[in-house]
Amino acid sequence: MAKTAIHAEDLVKIYANNFKALNGISLSVEDGKTFALVGPNGAGKTTLIRILTTQIRPSSGNAFVEDLNVLTQDDEIRRIISYVPQEISVWTDLSGYENLLIYAKIFGIQKEERKKRIDEVLNKMGLYSVKDEMVRYYSGGMMRRLEIACALLTKPRILFLDEPTIGLDPAARKVVWDELKSFKEEYGITIFFTTHYMDEADMYADEIALINRGELIKKGNPEELKGLIGGEIIQLELDGYDEEILYKIRELDFVNEVFREGNEIRIVTKGKGLELFDFLDFIKRLGIKIKKISLKQVSLDDVFLKYAGSSIEARGRAVEVARVRSRIRKA
Amino acid sequence: MNIIEVLRYMGVMMELEFRRIMHDRTELYTRAIQPILWLVLYGTVMSIVRAIPTGNVSYIAYITPGILLQSTTFVSVFFGLQMVWERESGVLKKLLTTPLPRSSIVIGRSMAAGIRSLFQILLIVPVAMLLGVQFINVAFFILSVLIIFLVSGGFASLSIIIASFMKTRERFMGIGQAITMPLFFASNALYPVELMPKAIQYFAYFNPMSYAVSATRALMITGDLSTLLFDILAIMIFDIIIFIFASLAFKRIIE
Ligand SMILES: Nc1ncnc2c1ncn2[C@@H]1O[C@H](COP(=O)(O)OP(=O)(O)O)[C@@H](O)[C@H]1O
Ligand SMILES: [Mg+2]
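From first to last, the protein sequence lines are chains A and B. Residues 14 to 344 (the numbering used here) are what the first sequence spells out, left to right. Residues 13 to 267 (the numbering used here) are what the second sequence spells out, left to right.
In case anyone wonders, no lab produced these hints; they're calculated from the structure. In this text the structure is predicted, and so the values were computed from the model without any measurement. Keep in mind that the hints are not guaranteed to be accurate.
Unchecked claim - Dumping the calculated DSSO-like pairs for lysine-lysine here, alpha-carbon to alpha-carbon at most 30 Å:
no.: 1; chain 1: A; residue 1: 33; chain 2: B; residue 2: 210
no.: 2; chain 1: B; residue 1: 263; chain 2: A; residue 2: 118
no.: 3; chain 1: A; residue 1: 124; chain 2: A; residue 2: 137
Claimed, not checked - Simulated restraints on C-beta separations:
no.: 4; chain 1: A; residue 1: 86; chain 2: B; residue 2: 212; range: 46 to 54 Å
no.: 5; chain 1: A; residue 1: 88; chain 2: B; residue 2: 210; range: 46 to 54 Å
no.: 6; chain 1: A; residue 1: 36; chain 2: B; residue 2: 210; range: 54 to 62 Å
no.: 7; chain 1: A; residue 1: 17; chain 2: B; residue 2: 241; range: 56 to 64 Å
no.: 8; chain 1: A; residue 1: 72; chain 2: B; residue 2: 256; range: 25 to 33 Å
no.: 9; chain 1: A; residue 1: 31; chain 2: B; residue 2: 41; range: 46 to 54 Å
no.: 10; chain 1: B; residue 1: 150; chain 2: A; residue 2: 88; range: 40 to 48 Å
no.: 11; chain 1: A; residue 1: 191; chain 2: B; residue 2: 138; range: 49 to 57 Å
no.: 12; chain 1: A; residue 1: 72; chain 2: B; residue 2: 45; range: 43 to 51 Å
no.: 13; chain 1: B; residue 1: 266; chain 2: A; residue 2: 20; range: 23 to 31 Å
no.: 14; chain 1: A; residue 1: 226; chain 2: B; residue 2: 194; range: 52 to 60 Å
To be verified - Below, a sample of chain B positions facing chain A; criterion: calculated Cβ distance under 10 Å:
no.: 15; residue: 25
no.: 16; residue: 32
no.: 17; residue: 62
no.: 18; residue: 104
Heads up, the beta-carbon is just placed ideally off N, CA and C, and yes, glycines get one too.
Could you build the full structure based on these sequences and the hints that come with them?
Right, dumping it as structure tokens:
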């Protein structure tokens, strides 16, 4: 059986203001896997990652990182992990090289080894050509890559990333992940990351846990999770309909589920193919006019919508915009 | 607590501060304006007035150590308060996940304030010399710089403790002033303690600034070393106590 890199048992965190940020979270991460913790802002992702990286202690429950106990063996855990926080963790008034140099010294990397390691991570993260520029002139994606480079200096066994691509455009996100993947392949490390971008988890994670309001809603690999929903989704708007019609749709043999979001009806099919044609026939027979219709693949957001009762995207966006702005202002 | 680790980390934090100062020196210069004005304007005027008995040294020479300390203290206090900012930045969170002992994060951070102080001294001392202040000798001067270094670390820690109680990062400057001004005026920096009202005299006895001024004035200006050992002892005790409390307060900052 594969080794466990991370194991959490019934973690509860109640902050000083009595706010319960985690309400009994249990999960396991296999060695060498990329694991995504996915949930909207305020779900408790950062709280969980801060407990696993031994910054704060759980109010109850326990967790293990490679069989080391976060409560009693935190010193040893800190020797094998690396962590990139959600907020900026490099000094923007130093150059990229100086940042790595200071971190290398903080980690106590010996002088002979230092330059070799710094050059290595600079190359790996594609930053060698800008190493002497002030970090405040870096783009968001470059800054993130520098932070990951700092985290990789120590050749950690487990890498924790809190919202590694927050505020980055899709192209910059892809670059960050390409670099991460190549490093992972070379060293076989375990990556534990949080995100509220569903598509990111879908694309890069081997395993996913969905969390909402401090509770774990579902876990599994992306295909399993999407399989919980069904085949495809027909989104449509009808020119006048009533509950009876919805009921009839629900009764169709290829329909798994029907949701309503505003004017829109979402029909989840069982995924046996060509169901859209059957459905169009059915609507035509009822004599109802279709205003708009489209077909889409099931996404993790649909899974979240089903089990958490609201869409992660709708909630994520506004908060994220505010946060990215404050990130930029602080930098 | 592993002393070697703490010292090593202190060194790294001082290097970090040094590099940041090298990249951007404007703050250094703006912070030196006020103390230089104190010497040039207040010092010159009061020398002419001769209202305060300063023995056989000029009034400007008398207040130079105090002005140096006021300026370095302000820089240190402000430096410590910035920890409130860092609580929200990722650097502190990241440091917590490195194998460093936690107390070293506080002490390293505090001693880095000493580097900023050093630069203040480098800017102010030449002005004092131009105004005719004579320093006794290089060895004594270096020793007094070391003392200022230690005092800066202590005051930076003091402000880390205060920062741990702050909820927001507004009114930053105001709080910095509110800490330094009483320390400065209720000490022997500008006038002998004996000239003050009784109540303030008592405060001055518990004010670490008084001991710092007394030690640096002896080493830089008067050469009267009779209370030097006692002053240094008082500063060490202040530093140790304040480092311990700051390390404890640090827990509040990271939750
Ligand atoms: N230090 C703290 N004190 C009190 N409440 C906190 C603290 N940190 C986070 N919280 C609250 O706990 C909840 C979960 O926060 P967090 O773990 O940061 O969520 P996420 O990272 O998923 O956005 C939020 O409602 C947040 O306001
Ligand atoms: Mg978070």
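Results for each hint:
For the hint pairing residue 33 of chain A with residue 210 of chain B, the CA-to-CA distance comes to about 52 Å; that exceeds 30 Å, so the pair is violated. For the hint pairing residue 263 of chain B with residue 118 of chain A, the CA-to-CA distance comes to about 24 Å; that is within 30 Å, so the pair holds. A distance of roughly 20 Å separates the Cα atoms of residue 124 of chain A and residue 137 of chain A; the hinted pair therefore holds under the 30 Å criterion. Between residue 86 of chain A and residue 212 of chain B the beta carbons are some 52 Å apart, a value that agrees with the proposed interval 46 to 54 Å.
About 52 Å separates the C-beta atoms of residue 88 of chain A and residue 210 of chain B, a value consistent with the hinted range of 46 to 54 Å. Taking the beta carbon of each, residue 36 of chain A and residue 210 of chain B are about 59 Å apart, inside 54 to 62 Å as hinted. Separated by about 59 Å at the C-beta atoms, residue 17 of chain A and residue 241 of chain B satisfy the suggested range of 56 to 64 Å. Between residue 72 of chain A and residue 256 of chain B, the C-beta spacing of about 27 Å keeps the proposed range 25 to 33 Å intact.
Distance hint check for residue 31 of chain A and residue 41 of chain B: the Cβ-Cβ separation is about 47 Å, which falls inside the suggested range of 46 to 54 Å. For residue 150 of chain B paired with residue 88 of chain A, a C-beta distance near 44 Å keeps the hint of 40 to 48 Å intact. In this structure the supplied range 49 to 57 Å holds for residue 191 of chain A paired with residue 138 of chain B, their Cβ-Cβ distance being about 54 Å. For the pair residue 72 of chain A and residue 45 of chain B, the supplied restraint of 43 to 51 Å holds, since their beta-carbon distance comes to about 50 Å.
At about 24 Å, the beta-carbon gap between residue 266 of chain B and residue 20 of chain A stays in the expected band of 23 to 31 Å. Between residue 226 of chain A and residue 194 of chain B the Cβ separation comes to about 47 Å, which falls outside the hinted range of 52 to 60 Å. Contact between residue 25 of chain B and chain A, as hinted, is supported at the beta carbon level, the nearest pair being about 9 Å apart and thus within 10 Å. A hinted interface residue such as residue 32 of chain B counts as satisfied when its beta carbon comes closer than 10 Å to some beta carbon of chain A; here the least separation is about 5 Å, so the hint holds.
For the restraint placing residue 62 of chain B at the interface with chain A, the shortest Cβ-Cβ distance is roughly 46 Å, beyond the 10 Å limit, so the hint is violated. Below 10 Å, beta-carbon pairs count as interface contacts, and residue 104 of chain B has one with chain A at about 9 Å; its hint therefore holds.
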